[in-house]
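Next come the chains, spelled out residue by residue.
There are 2 protein chains.
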Amino acid sequence: MMKANAESGKRAGAQSAALITPAIILVYPQLGENIGFAARAMANFGLRDLRLVAPRDGWPNDKARAAAAVAEPVVEGAMVYDSVEAAIGDLNYVLATTARPREMVKRVLSPETAASVLQELAQAGARVGVMFGPERNGLDNDAIALADAILTAPVSPEFASLSLPQAVLLFSYEWLKSQKPEALGRVTTFDDPATEGLAGSEMRGATRAELFGLFEHLETELDRAGFLKPAEKRPSMVRSIRNMFHRMGATDQDVRTWRGIVSALTRGQRGQGDKVS
Amino acid sequence: MMKANAESGKRAGAQSAALITPAIILVYPQLGENIGFAARAMANFGLRDLRLVAPRDGWPNDKARAAAAVAEPVVEGAMVYDSVEAAIGDLNYVLATTARPREMVKRVLSPETAASVLQELAQAGARVGVMFGPERNGLDNDAIALADAILTAPVSPEFASLSLPQAVLLFSYEWLKSQKPEALGRVTTFDDPATEGLAGSEMRGATRAELFGLFEHLETELDRAGFLKPAEKRPSMVRSIRNMFHRMGATDQDVRTWRGIVSALTRGQRGQGDKVS
Chain U
23 MMKANAESGK RAGAQSAALI TPAIILVYPQ LGENIGFAAR AMANFGLRDL RLVAPRDGWP
83 NDKARAAAAV AEPVVEGAMV YDSVEAAIGD LNYVLATTAR PREMVKRVLS PETAASVLQE
143 LAQAGARVGV MFGPERNGLD NDAIALADAI LTAPVSPEFA SLSLPQAVLL FSYEWLKSQK
203 PEALGRVTTF DDPATEGLAG SEMRGATRAE LFGLFEHLET ELDRAGFLKP AEKRPSMVRS
263 IRNMFHRMGA TDQDVRTWRG IVSALTRGQR GQGDKVS
Chain R
23 MMKANAESGK RAGAQSAALI TPAIILVYPQ LGENIGFAAR AMANFGLRDL RLVAPRDGWP
83 NDKARAAAAV AEPVVEGAMV YDSVEAAIGD LNYVLATTAR PREMVKRVLS PETAASVLQE
143 LAQAGARVGV MFGPERNGLD NDAIALADAI LTAPVSPEFA SLSLPQAVLL FSYEWLKSQK
203 PEALGRVTTF DDPATEGLAG SEMRGATRAE LFGLFEHLET ELDRAGFLKP AEKRPSMVRS
263 IRNMFHRMGA TDQDVRTWRG IVSALTRGQR GQGDKVS
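From first to last, the protein sequence lines stand for chains U and R.
The numbering used here puts the first residue of the first sequence at 23, with every later residue one more than the last.
The numbering used here puts the first residue of the second sequence at 23, with every later residue one more than the last.
Simulated from the structure, these hints should not be mistaken for laboratory data.
Warning: the hint list may mix true and false statements.
A pair counts as met if it fits within one copy or between any two copies, since identical chains are not told apart.
Said to hold, decoys possible - Straight-line C-alpha distance at most 25 angstroms; calculated SDA-like pairs for lysine to any residue:
{"hint": "1", "residue 1": "Lys255", "residue 2": "Leu168"}
{"hint": "2", "residue 1": "Lys128", "residue 2": "Arg281"}
{"hint": "3", "residue 1": "Lys128", "residue 2": "Thr279"}
{"hint": "4", "residue 1": "Lys128", "residue 2": "Trp81"}
{"hint": "5", "residue 1": "Lys85", "residue 2": "Asp276"}
{"hint": "6", "residue 1": "Lys85", "residue 2": "Arg281"}
Required output: the full structure, derived from the provided sequences and hints.
Quick look at the structure:
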């Protein structure tokens, strides 16, 4: 593994991949829990560089550590600063998160656009970051003025207020998405990652021959049972039954299961028939 | 405002727009706080139809109400069911959220794809929903088997575990995004919504004539101060200074501010010069 550089290498839980990920800067955060939840959201999407400007309840903070859960290393590695200027001093490009427009001429980015802008800058070697304000009032105008652009999420106008960890989560999620990950979900010793598309691919799709075998089996039995009548309706009935199997994208195992079902049901029927006759 | 239909009209906090939004079904949720945070995430992105299957700590739940904050109406309007089957009985298309692939042949969708699939179905009149499992273990295989497809978010392999409210938030956010909202952030009596692009558009961009006036003023003063030397470097120095103003996308107010700055600085310099001479 490469260290990004000597400075970040000194930080516990620091970014150790070649690509420097965005710093998340919490400006005057109030509740320890929210710092912890924000750290957890960062870790969920591969971010590590947490910076705190004058956290209200001091630092370290046990509630932050508890709320972070498995993401405790991100909390442990957080750097604390006295001022916004100090916290972002080493960055080349900084966004300010705010829920409402300000009387300031600045580019406004959605989380999705922000992530792709920062991704491009980071890949060109820039150090980038996103500032989030205190829970009660958000970032003040002095902090916003220091940013290159504004980050604002689309929200319902009726309930527009995102919590601090929610806002961090949305950016972090979009950051991971901007890397176009193919894997979804958890990867463990036992589980491969999921990808979009059909899961369970170790089971192969049924061949058409297997399906035709099933159709013949089923339709023979349905004919025998007098189900596919009257005769003029038989073609459309057969078509719609066949279509159900095509629609389900049946696997070879599915076909075997259905042939078993048909056999089992008709065995019973014929057994009953035997009794009656 | 239109009622979506008579049934949903009876529900407090029910969907009142023409488009029926997805139901969020929390299956055996454990912590009241998480139900409340999930409700808040729903409300932030315009979802209202919250359904609970056998919540562990009973219902109603004060912690859920408190955690929901302004989204309390979503909690108040939640419907409670004994079984997953009962909770999704009226739905046409249901997703199951899970963090890891299962031994089941089912389509896997990212939150973004899931939102656009559900959006399309809802616009065609289908009732759709997304199931989320209990905090400890997630949805069991019996619940997953009842779903049309699986929803799995992209996450960092090292910290893959999303909390229940985080998972609800990501889907809800992608749902709102799938409606292609133009407005970002909060809308109040005083604040218009933000949109992507340059904020503060009541301030117009500077005209080229205003900029040229500033350039002339500034360059005259810089020539006077002997800054633009040697002469062979002057053209490239002038170009790079002018370029900075173009890059910042200066407004008319910016130009006035800079002309003030240049005047103020040169007044001081000449004043100083006067004293020295």
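Going through the hints against the structure:
1. Lys255 - Leu168: neither (74 angstroms within a copy, 32 angstroms between copies)
2. Lys128 - Arg281: between (66 angstroms within a copy, 21 angstroms between copies)
3. Lys128 - Thr279: between (62 angstroms within a copy, 16 angstroms between copies)
4. Lys128 - Trp81: neither (33 angstroms within a copy, 47 angstroms between copies)
5. Lys85 - Asp276: neither (51 angstroms within a copy, 45 angstroms between copies)
6. Lys85 - Arg281: neither (58 angstroms within a copy, 51 angstroms between copies)
Hint compliance for this structure: hints 1, 4, 5, 6 are not met, and every other hint is.
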